[in-house]
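Enquirer: Kindly generate the complete structure, drawing on both the sequences and the hints.
The sequence shown maps to residues -15 to 292 in my numbering.
Just so you know, the hints here were simulated from the structure itself, not pulled from any lab data. Bear in mind the structure is a predicted one, so any value in this text is a computation, not a measurement. Cβ coordinates follow ideal geometry from the N, Cα and C atoms, glycine included.
FRET-style restraints, in silico, Cβ to Cβ:
| # | residue 1 | residue 2 | range |
| --- | --- | --- | --- |
| 1 | Thr42 | Cys74 | 40 to 50 Å |
| 2 | Val164 | Thr14 | 32 to 42 Å |
| 3 | Asp43 | Asp192 | 52 to 62 Å |
DSSO-like cross-link-like pairs, simulated, lysine-lysine; straight-line CA separation at most 27 Å:
| # | residue 1 | residue 2 |
| --- | --- | --- |
| 4 | Lys15 | Lys141 |
| 5 | Lys194 | Lys264 |
| 6 | Lys15 | Lys264 |
| 7 | Lys264 | Lys10 |
| 8 | Lys141 | Lys46 |
| 9 | Lys8 | Lys194 |
| 10 | Lys46 | Lys222 |
| 11 | Lys15 | Lys194 |
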Amino acid sequence: MTSILMQQIIVLFLMMACGYGLVKAKLLTTKDSRVLSILSIYLIIPFVIIKAFQIDFTDTVKDAVMISLIAAVLINVGLVIIGRIAHMVCGMNHVEEASIVYSNAGNLIIPLVMSMFGDEWVIYASVYMCVQLVFMWTHGFSLMTGAFHCSWRAIIKNYNLLAIIIGIVLAILQIRLPVVMYQAMDAISLMIGPVCMILLGMVFAGTDMKEIFFNRRVYLVSLWAMVIGPLLILVLLKLVGLVDWVENGHTLLYISFLATMTPAATTITNMAQVYSGMEKEAIAINSMTTIISMITMPIMTFLYMVIM
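Expert: Laid out in structure tokens, this is it:
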């Protein structure tokens, strides 16, 4: 599994390099990435999610979804605690703490799951995304704004959540989309990897490298987000023993664990721009964790295979 992941990471980062090259060649600008962002958020990812739920909702699938839900809640609670520990031990500010807790699960985990395991496994990645979404706009929103409240409007209006709800309803009622519609959604879904990675490359090209590589604080946050956090979550998953609760438990838990290995969430950068004015620090953390993930993700996968 480690070699397969490494191969897919290289493929995705080559796509990212294409976006980086287009901006550096002055064929596009970083601001042009907004178009790809809109395509990804409002069209491609929702289609991927809805299509993933076009399966027979058997007892096996129901059990797998339930285990994925338990694992997702457990992991997110664990990450919140880890972020708080990092705050107390290292004096992390709210942007740093949020970057440790919340990963870029949507843009990376779905392309990786699709390429490594197949479309039928995306449903379990969607479960993690749904749980993370609730945590991000309750705990994460409170953390970034400094106020103890949540943005229910942001949760309800989130297109990924709406896609998950639509997918669940279709799955429970066993409603199959018309063949032509399904084929169109399938074709658009295949764009998720290239679009998301080219988008990241374009954004990365507009980042000041000095603010990334000469900021010691960014290295400390990256250590917590990409190494310490995932290791502690791995130990937690081992102690709980969820892997033995259901058929294919090893793969199901890996999909949830995969989300903890991905770089810091771009949503945190967006929140920082709106609520704290610390977007440069958030962008630096996101960029550094993206670079480091090329090394840490295969290592964490290897450790998962050994420990679990």
